[in-house]
Amino acid sequence: MSNRSLVSISDYNKEEILEILDAAADFEANPNRSTLKGKVIATLFFEPSTRTRLSFETAVLRLGGSVIGFSDAATSSSVKGETLNDTIRMVSCYADAIVMRHPFEGAARYAAEISPVPIINAGDGANQHPSQTLLDLYSILKTQGTLENLKICVAGDLKYGRTVHSLIMAMSYFHPTFRFIAPEELKLNEEYRIFCLMNNIPFEETTELNDNINDADILYMTRVQRERFQDLMEYERVKNVYTLKNSMLENTKPNLRILHPLPRVSEIAPDVDKNEKAYYFQQAQNGLYIRQAIISKVLSV
Amino acid sequence: MEKELKVAALRNGTVIDHIPADKLYQVVFMLHLDTCDNQITIGNNLESAKIGKKGIIKIAGKVFAEDETNKIALIAPNAKINIIKDYQVIEKRPLSLPDEIHEIAQCNNPNCITNHQNISTFFNVIKDETGTMLKCHYCERLIKLEEVKIK
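Same order as they appear, the protein sequences are chains A and B.
Residues 0 to 300, numbered by numbering that gives the first Met the number 0, are exactly what the first sequence covers, in order.
Residues 0 to 150, numbered by numbering that gives the first Met the number 0, are exactly what the second sequence covers, in order.
Source of the hints: derived by calculation from the structure; they are not laboratory data.
Keep in mind that a hint or two might mislead.
As the list claims (entries may be wrong) - The calculated SDA-like cross-link candidates involving lysine to any residue, where the alpha carbons are at most 25 Å apart (straight line), are:
(1) A:K141 / A:K238
(2) A:K158 / B:K79
(3) B:K134 / A:T242
(4) A:K186 / A:K141
(5) A:K276 / A:K296
(6) B:K150 / A:P102
(7) B:K126 / A:M197
(8) B:K143 / A:K244
(9) B:K134 / A:F194
(10) B:K143 / A:M197
(11) B:K79 / B:R140
(12) B:K143 / A:N188
(13) B:K134 / A:K141
(14) B:K150 / B:L96
(15) B:K143 / A:E189
(16) A:K244 / A:S265
(17) B:K134 / A:N12
(18) B:K143 / A:A268
(19) A:K186 / B:I142
(20) B:K126 / A:N198
(21) B:K143 / A:E183
(22) B:K134 / B:A72
(23) A:K238 / A:L287
(24) A:K252 / A:T242
(25) A:K186 / B:R140
(26) B:K143 / A:K141
Only chain A is shown next, with the shape it has when bound in the complex:
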């Protein structure tokens, strides 16, 4: 059993989070190395996620390592009924570490328990996606120069959005103030409201995007998914209320940066892209350095 796996953001304490962010800055300065020469990393994607897979694979290749794996369960032996247990045991005979995306929640924790090589969770259903959280933190640190005492507005789907939940947990070390902006149907779960209360994290909740972003350092937008709504009329209304337009940024702070885990649908209008406060594409690029840092940490190279 390996304790170097990264399954959940809560597997890392504050020091380890800062260590990863430091390492990522190093990789950004010098992303092409040969520290993984001779190492094989498996990327097992039991459900497709092109963006995350390419980011992990690029991270390996730029460090001189090699990649094996599959990008869709349909091309793996799980379609023949092979258990996750057997797949992990088989692949761990070939690879030095396993990056895994799985549609079921808890799959990564289970894999980490049975695998002799480290598991990096690249998303287990709606549960955890720690490399996304770390790249969010890196993006916040890079754009604000600090993680401490920031005002963070989080908007969109706060009920099902796993990136939001992990962000709250990871930021809890750094004295943030949150404003949660969500329609009634998608407001933050009780579980995370209690988490904030217990960790003395001040927060407020509103249902309107409009003027509520003017005092923010970070605006973290998430996708409002149609399938979450029983009433499609309500979806259409909410979709319009939660569309960020360039004109809405007029009175915001100069240091405000807009983050989004991507892919976006309609929640950020295209005219925001050219505003210097839009940071979501650079944010995606930061993912590469964070993943280089994570892979290097789990392999101790």
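For this one, chain A is given, so just place chain B on it according to the hints.
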């Protein structure tokens, strides 16, 4: 208690009393009494001043380990466990939920890996001011005690 002892006349063993009537058979299966060879007396839908209708189980010649009886706290937290020796109650055992629950509960999250592959369930018991909850070790879902499903 006096009345109970008359009925039971259990010389040595364990009495589990004040089980809510609708939970009785869950307790039977949880303790694997369905495959137990000892003499067992099961009563159900008995009148109870405290809980309306109750169930009672008497197992002769067997004293359960504490981690066995503590499982009962999961579904019948107010049940009473009495250990009997020579017709006397020698131990009134308080029920306390263990810190970890293995196997017996099922995760409520339909998308949890434990509901799709042959994996033993494992929950951590979380106690805070809002009450007691189980947290699935795998999918990390929090489950209220009253919503826990027993396998």
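Here is what the structure says about each hint:
Our distance criterion of 25 Å between C-alpha atoms is broken by A:K141 and A:K238, whose separation comes to about 30 Å. The straight-line distance between the Cα atoms of A:K158 and B:K79 is roughly 40 Å, outside the 25 Å bound, and the hint therefore fails. Restraint check for B:K134 and A:T242: the C-alpha separation of about 35 Å exceeds 25 Å, so the hint is violated. Of the pairs offered as hints, the one joining A:K186 and A:K141 is violated, with about 29 Å between alpha carbons and a cut-off of 25 Å exceeded.
Simply put, A:K276 and A:K296 have alpha-carbon atoms about 32 Å apart, too far for the 25 Å limit, and the pair is violated. The straight-line distance between the Cα atoms of B:K150 and A:P102 is roughly 23 Å, inside the 25 Å bound, and the hint therefore holds. Among the hinted pairs, B:K126 with A:M197 is consistent with the structure: their alpha-carbon atoms are about 13 Å apart, no more than 25 Å. About 41 Å separates the Cα atoms of B:K143 and A:K244, which puts this hinted pair outside 25 Å; it is violated.
This hinted pair checks out: B:K134 and A:F194 have alpha carbons roughly 14 Å apart, not beyond 25 Å. Between B:K143 and A:M197 the alpha-carbon distance is near 18 Å, which keeps this suggested pair within the 25 Å criterion. In summary, the hint linking B:K79 to B:R140 is not supported, as the alpha carbons are separated by about 30 Å, beyond the 25 Å threshold. A C-alpha spacing of about 14 Å is found between B:K143 and A:N188, which places the hinted pair at or below 25 Å, so the restraint holds.
Distance hint between B:K134 and A:K141 is unfulfilled; the C-alpha atoms sit about 35 Å from each other, more than 25 Å. Distance hint between B:K150 and B:L96 is fulfilled; the C-alpha atoms sit about 17 Å from each other, no more than 25 Å. Note on B:K143 and A:E189: the hinted pairing holds, with a Cα-Cα distance of about 12 Å set against a maximum of 25 Å. Only pairs whose Cα atoms come within 25 Å are accepted, and A:K244 paired with A:S265 is accepted, the gap being roughly 10 Å.
Proximity of B:K134 to A:N12 is assessed by CA-CA distance (about 20 Å); at most 25 Å being required, the pair is judged to hold. Restraint check for B:K143 and A:A268: not satisfied, since their Cα atoms lie roughly 40 Å apart, outside the 25 Å limit. Using a Cα cut-off of 25 Å, the hinted pair A:K186 and B:I142 holds, with the two alpha carbons roughly 19 Å apart. Restraint check: the Cα-Cα separation between B:K126 and A:N198 comes to about 16 Å, which is no more than 25 Å; the hinted pair holds.
Using a Cα cut-off of 25 Å, the hinted pair B:K143 and A:E183 holds, with the two alpha carbons roughly 23 Å apart. Under the criterion of a C-alpha separation no larger than 25 Å, the hint pairing B:K134 with B:A72 is consistent with the structure, at around 16 Å. For the proposed pair A:K238 and A:L287, the alpha carbon gap of about 31 Å is over 25 Å, so the pair is violated. Annotation: proposed proximity of A:K252 to A:T242 holds, straight-line Cα distance about 19 Å (limit 25 Å).
Using a Cα cut-off of 25 Å, the hinted pair A:K186 and B:R140 holds, with the two alpha carbons roughly 18 Å apart. About 40 Å separates the Cα atoms of B:K143 and A:K141, which puts this hinted pair outside 25 Å; it is violated.
Checked against the numbered hints listed earlier, the structure breaks hints 1, 2, 3, 4, 5, 8, 11, 13, 18, 23 and 26; every other hint is satisfied.
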